[in-house]
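Visitor: One letter stands for each residue in the lines below.
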Amino acid sequence: DGGITQSPKYLFRKEGQNVTLSCEQNLNHDAMYWYRQDPGQGLRLIYYSQIVNDFQKGDIAEGYSVSREKKESFPLTVTSAQKNPTAFYLCASRGDRGYGNQPQHFGDGTRLSIL
Amino acid sequence: DAKTTQPTSMDCAEGRAANLPCNHSTISGNEYVYWYRQIHSQGPQYIIHGLKNNETNEMASLIITEDRKSSTLILPHATLRDTAVYYCIVRGIQGAQKLVFGQGTRLTINP
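Taken in order, these protein sequences are the chains called F and E.
Once you know that position 78 of the first sequence is 78 in my numbering, the rest is easy, because the numbers rise by one and skip nothing.
Once you know that position 43 of the second sequence is 158 in my numbering, the rest is easy, because the numbers rise by one and skip nothing.
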């Protein structure tokens, strides 16, 4: 089935540790996104990428890093510089590069907690 | 992107049509109306979107008023699995990449 796969579903991080969240899509979509959702809150954009080897900061990029070496993959690293990383992380993709009306489609998320 | 207003919560009986309203009085000519839903602890699920004509797919129908200042999402035969928070989002085709989710409508389907 075509879709967006996020792994792992649950992740625990120790203080001072970097962790990487995986996002893979087989929809042949150009654009990919990372959002963060806190309890009872809306989504906040962390990073997005419209094409391979290019990405842009969103509203809350500090403490996060990304790469886009392959069209189907957009991993997010939560670094030790992110002081409040506990949240629900969502990856999305869309078929156009952001200049059309295609909807974003989401994965099932990764829930990150601090030990 | 235009701001949207939705009721905080709604109830609907199983098997009946669920009609979820959304006001977007400041919508501009090139902005689309998108609907998503989020079931607890899952990612948002895309439902439908439209510009000015009514739209229908296998999940729902979208009715947009002629002046485009409001819309209604219709789930024709609601089931218990339709219980979720439903978000109405207005977004243009250029510029901001992000989707802005408001508080949405918490729809509860009752048996």
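Keep in mind that a hint or two might mislead.
What the hints assert, rightly or not - DSBU-like cross-link-like pairs, simulated, lysine-lysine; straight-line CA separation at most 30 Å: (1) E:K213 to E:K118; (2) F:K70 to F:K9; (3) E:K213 to F:K70; (4) F:K83 to F:K9; (5) F:K71 to F:K9; (6) F:K57 to F:K70; (7) F:K57 to E:K118; (8) E:K184 to E:K213; (9) E:K118 to F:K14; (10) F:K57 to F:K83; (11) E:K184 to F:K83; (12) F:K9 to E:K184; (13) E:K118 to E:K184; (14) E:K184 to F:K71; (15) F:K14 to F:K57.
Simulated from the structure, these hints should not be mistaken for laboratory data.
Visitor: Does each hint hold? Answer for all of them.
Guide: Consistency of the hints with the structure:
1. E:K213 to E:K118: 14 Å, holds
2. F:K70 to F:K9: 22 Å, holds
3. E:K213 to F:K70: With Cα atoms ~21 Å apart, E:K213 and F:K70 stay inside 30 Å; holds.
4. F:K83 to F:K9: 21 Å, holds
5. F:K71 to F:K9: 22 Å, holds
6. F:K57 to F:K70: Satisfied, since the Cα-Cα distance of roughly 18 Å is no more than 30 Å.
7. F:K57 to E:K118: Holds, because 23 Å separates the two Cα atoms, which is no more than 30 Å.
8. E:K184 to E:K213: 22 Å, holds
9. E:K118 to F:K14: Given that 30 Å is the threshold and the Cα spacing comes to 39 Å, the pair is violated.
10. F:K57 to F:K83: Since the Cα atoms of F:K57 and F:K83 sit roughly 18 Å apart, the hinted pair holds (cutoff 30 Å).
11. E:K184 to F:K83: 41 Å, violated
12. F:K9 to E:K184: Distance ~39 Å between F:K9 and E:K184 Cα, so the pair is violated.
13. E:K118 to E:K184: Holds - the C-alpha atoms of E:K184 and E:K118 are around 11 Å apart, at most 30 Å.
14. E:K184 to F:K71: Violated, at about 38 Å.
15. F:K14 to F:K57: 25 Å, holds
The structure is inconsistent with the numbered hints 9, 11, 12 and 14, although it conforms to all the rest.
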